[in-house]
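Number of protein chains: 2
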Amino acid sequence: MAAPSPFADRLHDAIRRCGAPLCVGLDPMPERIPALFGDAREDVAAVANFCDAILEAIAGKCAALKPQLGFFEPYGPVGVAVARDATTTARALGLPVILDAKRGDVGSTADGYVRATLGPDPGFEADCVTVNPYLGLDSLEPFFAFAEAHQKGVAVLVRTSNPGAADLQDLPVDGAPLWVRVAEMLAPAMERLARGRDWSDLMIVAGATWPEESRRLRALLPKALFLAPGYGAQGATAADAKAGLVGGLGGVVSASRSILYPPAAAQARTMADWRTAIDAAIEAARAELSAS
Amino acid sequence: MAAPSPFADRLHDAIRRCGAPLCVGLDPMPERIPALFGDAREDVAAVANFCDAILEAIAGKCAALKPQLGFFEPYGPVGVAVARDATTTARALGLPVILDAKRGDVGSTADGYVRATLGPDPGFEADCVTVNPYLGLDSLEPFFAFAEAHQKGVAVLVRTSNPGAADLQDLPVDGAPLWVRVAEMLAPAMERLARGRDWSDLMIVAGATWPEESRRLRALLPKALFLAPGYGAQGATAADAKAGLVGGLGGVVSASRSILYPPAAAQARTMADWRTAIDAAIEAARAELSAS
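These protein sequence lines are chains A and B, in that order.
The letter at position 57 of the first sequence is residue 57 when you use the working numbering, and the numbering goes up by one with no holes.
The letter at position 135 of the second sequence is residue 135 when you use the working numbering, and the numbering goes up by one with no holes.
Read the hints as simulated data drawn from the structure, not as lab findings.
Any given hint could turn out to be false.
Partner residues aside, some chain B positions facing chain A, computed with beta carbon under 10 Å [unchecked claim]:
(1) Pro4
(2) Glu73
(3) Ala110
(4) Gly112
(5) Pro122
(6) Leu171
Derived DEER-like restraints, expressed as beta-carbon distance ranges [said to hold, decoys possible]:
(7) A/Arg195 <-> B/Ala239: 44 to 52 Å
(8) A/Glu191 <-> B/Ala176: 30 to 38 Å
(9) B/Arg197 <-> A/Asp85: 40 to 48 Å
(10) A/Ala149 <-> B/Arg269: 48 to 56 Å
(11) A/Gly19 <-> B/Leu93: 52 to 60 Å
(12) B/Glu283 <-> A/Glu31: 46 to 54 Å
Treat the numbers as computed from the prediction; the structure is a model and nothing was measured.
Idealized CB from N, CA, C, for every residue including glycine.
Bound conformation, chain A alone (with noise of 0.2 Å):
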């Protein structure tokens, strides 16, 4: 068997097949699951369908896809058996999976997460995991670690999208805020994942709602793959949330609800109406990134 290509080249080939940088997040979401997949208040069964479905809708339209084990894992563990299924279906089909798990702890510990999100089964085997940098370089250190040995990506969070990003990440260090400190910190990570090429397997978290600390990040970091959420339902204009993207080829924005979610699904009587919603939202979102 070859040797994989690295995750910075699989996303690549990705953003390049379907022309877009955008990833979907997989969010799946009870209340807002057609009926049509069954009730997914009450049986995981609807939430797989669903999951299913969407799959089969985006395969060959985005660039990878964000699987967020926090919609997952409130069904208990066969909730998780579902994420761990979509991610190996999204990966049969071509899709990166960035999995969104925002992990973070230390020694042997950050070794069991890292073996469950990104080792092979009964791990995710996921492309790419969401790690949190609060308990310091040595918590990183064996996602970064496993990454380089087997071609993956390690996504950082550094500036998010929500309000309250600001109670910790915004606090002056000598000057900066913590997030450029945090950025700071990485630039060995980034270099090491590069492996003397122009783009890193290390990915940050840049919530695409705060386009000015994008452009701030990416002087920081020129090799590193953005992950941009906040596009879409959370308010982030398509200008905005390219705004570290440098190119098309510097990482890529997440959609979630607009992409799932969209007001004509949840109208639709039949599958074939809830699929023509869902293509129509995810070619214009395409249409969106893709314009230069």
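Given chain A, put chain B in place with the hints provided.
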């Protein structure tokens, strides 16, 4: 059914019953679980057997159980099910459960993690859950709101026990380290979750390896419960670990490997020998931590 008592009261009852502020960390490490239980590197049933035997050994002899999800998730969804079963069993035995998940996310994702960890079946229904503050107060609010409504605890990472904790947590913000600013940010939540009582259902993670920081944190958050990891295998002494604990009711000290994997247990050839080794380890920790 009578309303449950607040988390702090349940924890205090457990501390008084067993006579020591000892929390046992449930960290199933595949390579350290004795072959008596099966091969934990291959078979999650060995992990379940081990957890059951540990729970039987520690019931009534410690004040809380802290299952570390990072050691269960590598087994996949069935591993998560084992962690949830251990939580259910521990609570049935009268042991409050602090689920070590270190979750942190925003909005409806945070709501999902609340349901998954503190919520009833199919959630874990833990008594308390560890959370990461990097995303700010709006990411913690769903946990605080649920804790307030359901008498649960929330344990926020403030100063962790790992060497790399200094990378972010010690950065200077207007003359004080970041962890002090995080503690200050939590003061309103401490009061809110105290509901006029002496002790709050807000818990903070303050590594046992940093006794001076623990004393400073105690001054900043006088009503908060402390969760002090790092005692035993991570090198903190009992005196270090108890630095912030205030007369035995200010929180719990967590020990994992020193209780689960004492050297004598590794050599045990029978279940009775193994149990003798575990009993000795827990008695040693209780004696150290109950001494004033």
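In this structure, is the beta-carbon distance linking A/Ala149 and B/Arg269 contained in 48 to 56 Å?
-> violated, 38 Å
Note whether the CB distance of A/Gly19 and B/Leu93 lies within 52 to 60 Å or breaks it.
-> holds, 58 Å
Return the status of the interface hint for B/Gly112: holds when the least beta-carbon distance to chain A is below 10 Å, violated otherwise.
-> holds, 4 Å
Residue hint B/Pro122, partner chain A, criterion CB-CB below 10 Å | holds, 3 Å
Verdict for A/Arg195, B/Ala239 (Cβ pair) under range 44 to 52 Å | The hint (44 to 52 Å, Cβ to Cβ) holds, given that A/Arg195 and B/Ala239 are roughly 47 Å apart.
Holds or violated: 30 to 38 Å for the Cβ distance of A/Glu191 and B/Ala176?
-> Since the Cβ atoms of A/Glu191 and B/Ala176 sit about 32 Å apart, the hinted range of 30 to 38 Å holds.
Does B/Glu73 meet its interface restraint, that is, does its C-beta lie within less than 10 Å of any C-beta in chain A?
-> holds, 4 Å
With a cut-off of 10 Å on the beta carbons, see whether B/Ala110 makes it to chain A.
-> Because about 7 Å separates B/Ala110 from the closest Cβ in chain A, which is inside the 10 Å limit, the hint holds.
Take the C-beta atom of B/Arg197 and the C-beta atom of A/Asp85, compute their distance, and say whether it sits inside 40 to 48 Å.
-> Holds, since B/Arg197 and A/Asp85 (Cβ atoms, about 46 Å apart) stay within the stated range.
Does the CB of B/Pro4 sit less than 10 Å away from some CB of chain A?
-> violated, 21 Å
Given a hinted range of 46 to 54 Å, is it respected by the beta-carbon distance of B/Glu283 and A/Glu31?
-> holds, 51 Å
Does B/Leu171 pass the interface check with chain A, least Cβ-Cβ distance below 10 Å?
-> Holds: closest Cβ of chain A sits about 5 Å from B/Leu171, inside 10 Å.
Hints 1, 10, counting from the list given before, are not met by this structure.
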